[in-house]
Amino acid sequence: MIQEERATRREEYRLDLRNRSEELERFCSDKREKLKMKAIQTLEERGCQVYLVSNAEEAATQIAEIVQTDTVVAYSNTLLEELDLLEKLQMKGVKTIYTDVLARDKGLGDCFQDTMKDARLVIRQKIASASFGLTGVQAVVANHGSLMLMDEQGSVHSVSSLPDTHIAVASVQQIVPDLPDAMTVARQLSLGGTERVLVRYISIITGPSSTSDIEGQNVRGMHGPKEVKVILMEES
Amino acid sequence: MNNFTRKVQSKVTAGLKDKTASMARRRISQFLGPANVIAVEKFPLAGPLHRQTKAQAIANLREKLEEAVRNLENNGCKVYRARTSAEAVAYARKVIKPGCLVVKSKSNAAKETGVLEALAQDGVTVIETDMGDRICQIGNIPASHPLGPALHVPVGKVAELFTKESGHQVASDPSTIVSVARNLLRNAFFQAQYGISGANAIAADTGSIILTENEGNIRLGTDLPPVHIVFAGIEKIVPTLEEAIHVCHTAALYGTGASVGGYINVASGPGRESLDGPLEMHVILLEEGRWEAIEAGFSESLACINCGACLNVCPVYKEIGEQYGYKYFGGIGIIHTALRNGIEKALENGLSLCVGCRQCIDACPGNIPTPDLIQKLRQRAVTQYGLGRQKTLVLKSILGKNPSRTWRWGRKLQPLGLRRTSKGEGYQVRFPWMNVDPKRLLPNLAEKPAFLSYPKEQTDTNQESEQVAYFAGCLNNLVFPEVAGATLEVLKEQGVAVYFPHEQVCCGYPMQTAGELDLAKEMARRNMALLTDHPVARIIVDCPTCGTALRGYAKLLLDDKVWGNIAREFSLKVRDVFEFLSEREYKAGGFGLAKMKGTLQGKVSYHQPCHLKYLGINHAAEFLATIPGLDFDLANGDGACCGFGGVTSLEHYNLVATIASRKVDSTLAGTEILATACPGCMVHMADGLFQQGRAIKVKHAIELLAESYRKGKE
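Residue numbers (my numbering), protein chains in the order written: chain C, 1 to 236; chain E, 1 to 714.
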């Protein structure tokens, strides 16, 4: 009985969420250009550098130009995979480390707690030693200049936190007006993943990490990146 | 004087001594205050939505708590409901193994429980990861502000601390220090077995812990160590994820002036076989004092999100900082203390300090009526511990009696106990008496008080003129009859028929703020009986504090079967004199008044009384600005409180005098008249000016207006 009730409630939730998502999508596609301008403005106001590119090819070129001969550690998500962005980067000769490969090498699948703890440490140190961390995003919030990143099992937070520069790849289709809209996206993308309503960790990033704790002077790169570069693609 | 008073006084003295910290706090509020106001104006719906969210969440707290626990557990969290701090600490000690390394980010609830002290006993090393907290931790320096705990520490000192900490010479420059600290702390993040955090909000529907920050330390501290322990009060629970995110938006807006913080982190349970994320997550929900707060009528205090906006405008906090409060700072901190640690702890840590300026209410996204809640607590304290000799004398024997009696006796006793200052500015005590500071300038009781100077009824020949009653208040009645005269003159000029009952007594505000509610109610009833025996449309006050009291009669006598309804009607009729003039001018189409004004001379600075400011009444300044010839500036219109504080000034003269000195310091050289619209501010600012030997006249704005009318007729 209770299970039935729960199932019904879950179904209702999904339906309601689907309606909201569709409505949001319609709204965003109507206002795409406006949202794009607003997002670029707010992202820059909050200290991100925005690179507007037309497609994945251009995005790869832009990233190669930023990274030069340095190393980038990449966290692969659906967006990046769909774009074949990582392959494109490799073709351009950018030195790239994938965190999932790091994990496989450390035998994380075996899931021995102790090995796992050691492995996590080694992987983190590796990530921290890279100058650039490359991730996709799940949404861009136009009103505040924020990027939304979601993660269930991977290392998107280490990749976006530990290196000095975070390069985030986003498409203009991902721009939503406000924070509650980003939550709609988060809820929608979390469906079907696990029994949880939401994936394990969501972070909303607005500009580089900073502190004003010493005599009120703002200094970037307190615990996270000193710079956040947003590659915004017109088409994906 | 009892032990509590002595303890608070020593805290106040300690706070006043630390001048660097108070300068840092005032600097923060100087840039944060205006930045917050601008930011908040850009998001006018943030505050109202926040209030609605919090009110609903707290009204349904039991239900939401259960939902939150269920969903957190579904997400794999271990939830522990701690009825007391001691229970919370015991649980944490069970989870955290002795001798381990813990990285900690800001958590008020953790601080509240005293878990850090307990862990230290277990040989656990806890590293604060917020930069400001870390500076305070390694330097063993008390925090001066909840958002910028180390802002009072000079950069040279910080460099020294990190030189010692790192073993290498660190240059005295913020970027260098930050990069050194980053490396040191990063190592701690990698090595730590546990991460302790608080929660800005908990979303009941998704079972998520929501945290916001700028530095990125929370992100690392909650996601890298294998075990994450959350300390949060149950009042952090809100129904939905969206509302929890809104709390973060509000906290940033009101706390730092940014629309959102650098990071908002949503953690919904531990990870399994994942690269990032804790493998175990414990959520300790602290209940101590929360249910009691709801039951005793203090629910509003639970809407606090620790943004610190109230502290940036609090005149007391600006001066004595962390000394005002216990674990939580400022007036709201005192309320939390009283409900969670007992009224005695609150008494020791500053229950008597709030000056009642009410500026925190407007600054707060939750509009928490902190001064009112403090009054309620003072009432409890009075029931338990009495008023004390000094307050009993002032409230019961002086202010609580008929003004005519007070004046008669006062005139006789004044020359005995007090001596006139050399230039005749006022009086000082001859010998230490009733703890009155010998330096304090006391006002002179007028030779002829207002009730002997002006007729009871001032009628206009015009039958259709508007009927109003005038409430002078003790100060205008007995000390500044010229102010009462000016108000009556201006009203007459307006063709208003004024009823000025001579038997009016104290408005009751001092009794109310002291927690002596029965006497306050008696005053209210006596005044209402007097003022309502004439059919008047408006009750005019020229003392905004009396105005606050009179407007508050409705609330004060809410449960009174006989007077409740009368009070409701009465309170609605109360108008400040300038508010009234402005209403009339508006009705008259905005002309007429300006024509009559004559030219005055002098450089005038205007101080906005707090009890007008919180009502949004700024008409006195507007009227002054229209007087021709006056060199008028708003240098004193920065909105800072003069610090009078009424009853507070009895026990804490050194504090209120320091606040007044800021006011005097900010008054431009060459100012001839310091104008305001409150006799309380007049008394206190005259004292402040006297202490610094500045020969500036203090006047009520209505005096200047009356003067200008007089000149206009000549």
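No wet-lab data here; the hints were simulated from the structure. Think of the CB as a built atom: it goes at the ideal place given N, C-alpha and C, for glycine as much as any other residue. Incorrect hints may have been included.
Claimed, not checked - Simulated coverage check for chain E against chain C, where a stretch passes if three residues somewhere in it have a Cβ under 8 Å from a Cβ of chain C:
(1) 154 to 167
(2) 213 to 219
(3) 494 to 508
(4) 537 to 549
(5) 664 to 672
Hints numbered earlier in the text: which of these fail when held up against the supplied structure? 3, 4 and 5
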